[in-house]
Amino acid sequence: MKILVGVKRVVDYAVKVRVGSHGVELKNVKMSLNPFCEIAVEEAVRLKENKGAGVSEIVALSIGPKQCQETLRTALAMGCDRGIHVQTDLRGDYMELQSDAVAKLFQKIIEEKEKDADLVLVGKQSIDSDCGHVGPMLAGYMSWPQATFAAKIDVEGNGLLVERETDQGTETIRIPKLPAVISCDLRLNEPRYATLPNIMKAKKKKIDTFQAEDFGIDLEPKNKVLEVFEPPARKEGIFVDDVNQLIDKLRNEAGVIP
Amino acid sequence: MLSNRMFTSFSNNLLRKKLHHFLCRKQSSTFLMRTLSSSSYQDDGEDTSYRNNNGVHLDMKSFFNPTDEHYQLREMVKTFVEREVEPQANEYNKTETLNLPLLKSLGDLGLLGLTIPTTYDGSGMDATASVIVHEELSYSDPAFCLSYLAHSILLCNNLNVNGSTEQKEMFLPQVCSGEKIGGMCMSEPSAGTDVLGMKSKAVYDESMDGFILNGNKMWITNGTLDGNDTGDIFLVYARTGNDRMDLTQFVVENGMEGFKLGQKIEDKLGMRASCTAELVFENVFIPNSHVVGQVNQATICMMRNLEIERVTLAAMAIGIARRCIDEMVSYSMERSAFGKSTIEFGQIQKAISESYAEYMAGRSYVYAVANGLDLMSNGNGLDADGVKLYSAKMAKNVADRCIQVMGGYGYVGEYKVERLWRDAKLLEIGGGTNESHHKNMIRDLKKMGNKLM
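Chains A and B, in that order, are what the protein sequence lines are. Numbered according to the working numbering, the first sequence spans residues 64 to 321. Numbered according to the working numbering, the second sequence spans residues -5 to 447.
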């Protein structure tokens, strides 16, 4: 089985972002590997360590500026075998490069560079754009089965058994045959730290770079961002005396019940 | 630029050649200072930073992370610290106990034997890598970092530099993995700065072909790991001859008869999550296999390790200072008084900006020394002393300003900075008091004639 894992370079989750004239300020801001992508990498590595799964190779794919090489190095240090960097300076946080273009770039990489990919693992969403589109869109473009919000993945014969998160709990999805696309959710696993010996080993692993413009895809955003603003500051709450007053306020002041 | 003027005004070819050579030299720290220009994260627009002869781009990020591996190491430790170290720091400070499982887990990451060759299950990295780890650990829990330092630097690194091949094969794999945790015994109840005044004595016993060790050692980090028993393995210095300089270094292991925990030192001002102990040696038999280096030649062992010890202690100070600056900025941007954020007031601005400049000066000094530090030699004592002398005091000052900026909240344990303030103070005492650095630096400066390079 050959696995392709998507890894996105995003603003670090702990950063308090500030909104400037061109959207969220990215200058001098700490960037990291998207937490859900990290979970996807961990799952790929665990599948490889599970001899019964027969994983031959894990390829990490990142789309973005040259600093994505750092993100790829982290994925390699966690246990991926090779990296692919699709270079573009377009902002990946929905301002310039959007889900459709990303999904199509993934498709091009699979069809032109990694034809024998059996499984694509991505994070359920990235924490900058929060779209959650690429997994399902890619599955659609490839006409491959998909299982999103995976909380557990097991190998079953020639396919996979996936437990999928829903609002009421988990549902089990059988993918009888590969290839397939799976997007990974929080409870799937706890990612390992890249140990220093593995960081040193990753030095020798290969990263191939391609230019996003060279794939013949329209990279223009399908949706235009009109405005980016911080949410209004939370106002102080009030105490009400009884249920009637509560209903009155909900109906007439907040306008949330008819 | 000064160099241009000098080039045109000096017609002497030889002098011009010398200047050109000096400006292009790679090792000089002044050279590195001049190239510090662009910021660490962005790389936009026209690139005007200085490039040396080989076209290598030197900027602040590469100065503090010389290779990609150094950068990845830092990122990995940062993540580990955020997730595993930060949440436990206050708790272990309160209980005055060592988080032994967490310390051992650093073995899995390859951090305990950071400077040990891979032959002995270490990670084979350099002084800069060690500084990076100490800086990042101390950002969150300096006490935990101190236990890490005592193990990885005072024990592991010393063994690697001074031990024989047999000793390295015997001891290093287990201390690199974290199976055994220990430290180094130099100070005694009545001998600290006057290290050659130590009284612990080891007498050679011909009939047993080994030494009999007697004495007390004090202030030993990791001297106990649980408060009840000694740590697993230690390097111990003891007097083996009549001359003041006649010291020998031994390996002493938990379980050797006569090797006992004297007492765990309770109620320290800071570094409370690091166990400090008095260790007692009563007629402990040390076989020849456990003699490290030459008999009566241990001052050489000392010299070789004191440099990296001081530089990593200075790195701890840098981590503390950086944390305090982050806390100051964050707090004063959110806290308001008289209608605006406190960061808009001059006294707060002075406290933060001066702290930043002092911290960057210290950080640059630490990395300049680390980048040039050869672990297998003892070349630069002057700057090892200098870097700790400067950084320790700087961290204490920055931590103090931080409490002041945070006011009442800075005074309270929950907000963490008071712990950093208490932890910082140790760095002016442990691993060399300020006074010992003064003494050493003057000794070295006297030898250098009266013109610094």
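Incorrect hints may appear among the rest.
In the DSS-like style, the derived pairs of lysine-lysine whose C-alpha atoms are separated by at most 25 Å in a straight line are [stated by the list, open to error]:
#: 1; chain 1: B; residue 1: Lys195; chain 2: A; residue 2: Lys79
#: 2; chain 1: B; residue 1: Lys98; chain 2: A; residue 2: Lys269
#: 3; chain 1: B; residue 1: Lys254; chain 2: A; residue 2: Lys267
#: 4; chain 1: A; residue 1: Lys79; chain 2: B; residue 2: Lys258
#: 5; chain 1: A; residue 1: Lys268; chain 2: B; residue 2: Lys88
#: 6; chain 1: A; residue 1: Lys215; chain 2: A; residue 2: Lys79
#: 7; chain 1: B; residue 1: Lys72; chain 2: A; residue 2: Lys266
#: 8; chain 1: B; residue 1: Lys88; chain 2: A; residue 2: Lys79
#: 9; chain 1: B; residue 1: Lys195; chain 2: B; residue 2: Lys258
#: 10; chain 1: A; residue 1: Lys129; chain 2: B; residue 2: Lys72
#: 11; chain 1: A; residue 1: Lys267; chain 2: B; residue 2: Lys98
#: 12; chain 1: B; residue 1: Lys334; chain 2: B; residue 2: Lys344
#: 13; chain 1: B; residue 1: Lys344; chain 2: B; residue 2: Lys98
#: 14; chain 1: B; residue 1: Lys72; chain 2: B; residue 2: Lys88
#: 15; chain 1: A; residue 1: Lys90; chain 2: B; residue 2: Lys195
#: 16; chain 1: B; residue 1: Lys254; chain 2: A; residue 2: Lys90
#: 17; chain 1: B; residue 1: Lys344; chain 2: A; residue 2: Lys264
#: 18; chain 1: A; residue 1: Lys129; chain 2: B; residue 2: Lys195
#: 19; chain 1: A; residue 1: Lys268; chain 2: B; residue 2: Lys195
#: 20; chain 1: B; residue 1: Lys55; chain 2: A; residue 2: Lys93
Think of the hints as simulated: they come from the structure by calculation, not from any bench.
Check whether the Cα positions of Lys90/A and Lys195/B lie no farther apart than 25 Å.
Roughly 61 Å separates the two Cα atoms, so the pair is violated.
Quick one, are Lys334/B and Lys344/B close enough, alpha carbons at most 25 Å?
Since the Cα atoms of Lys334/B and Lys344/B sit roughly 17 Å apart, the hinted pair holds (cutoff 25 Å).
Holds or violated: are the alpha carbons of Lys254/B and Lys267/A at most 25 Å from each other?
violated, 48 Å
Can the restraint linking Lys79/A and Lys258/B be considered satisfied, given a maximum Cα separation of 25 Å?
Violated. Lys79/A to Lys258/B sits at ~43 Å, over the 25 Å cutoff.
Is Lys129/A close enough to Lys195/B, meaning Cα to Cα at most 25 Å?
Status violated; Cα separation ~60 Å.
Is the hinted pair Lys344/B and Lys264/A satisfied, with a Cα-Cα distance of at most 25 Å?
Violated, at roughly 46 Å.
Take a quick look at whether Lys98/B and Lys269/A sit within 25 Å of each other, Cα to Cα.
violated, 32 Å
With the threshold set at 25 Å, check whether the alpha-carbon distance from Lys268/A to Lys195/B stays at or below it.
Violated, at roughly 53 Å.
Please verify whether Lys195/B and Lys79/A have alpha carbons no more than 25 Å apart.
violated, 58 Å
Just to be careful, I want the Cα atoms of Lys88/B and Lys79/A compared with a cutoff of 25 Å; is the pair within it?
violated, 30 Å
Restraint check for Lys55/B with Lys93/A, where alpha carbons must lie at most 25 Å apart
holds, 13 Å
When you check the alpha-carbon spacing of Lys72/B and Lys88/B, does it fall within 25 Å?
This hinted pair holds, its Cα atoms lying about 23 Å apart.
In this structure, the earlier hints numbered 1, 2, 3, 4, 5, 6, 8, 11, 13, 15, 16, 17, 18, 19 are contradicted, and the remaining ones agree with it.
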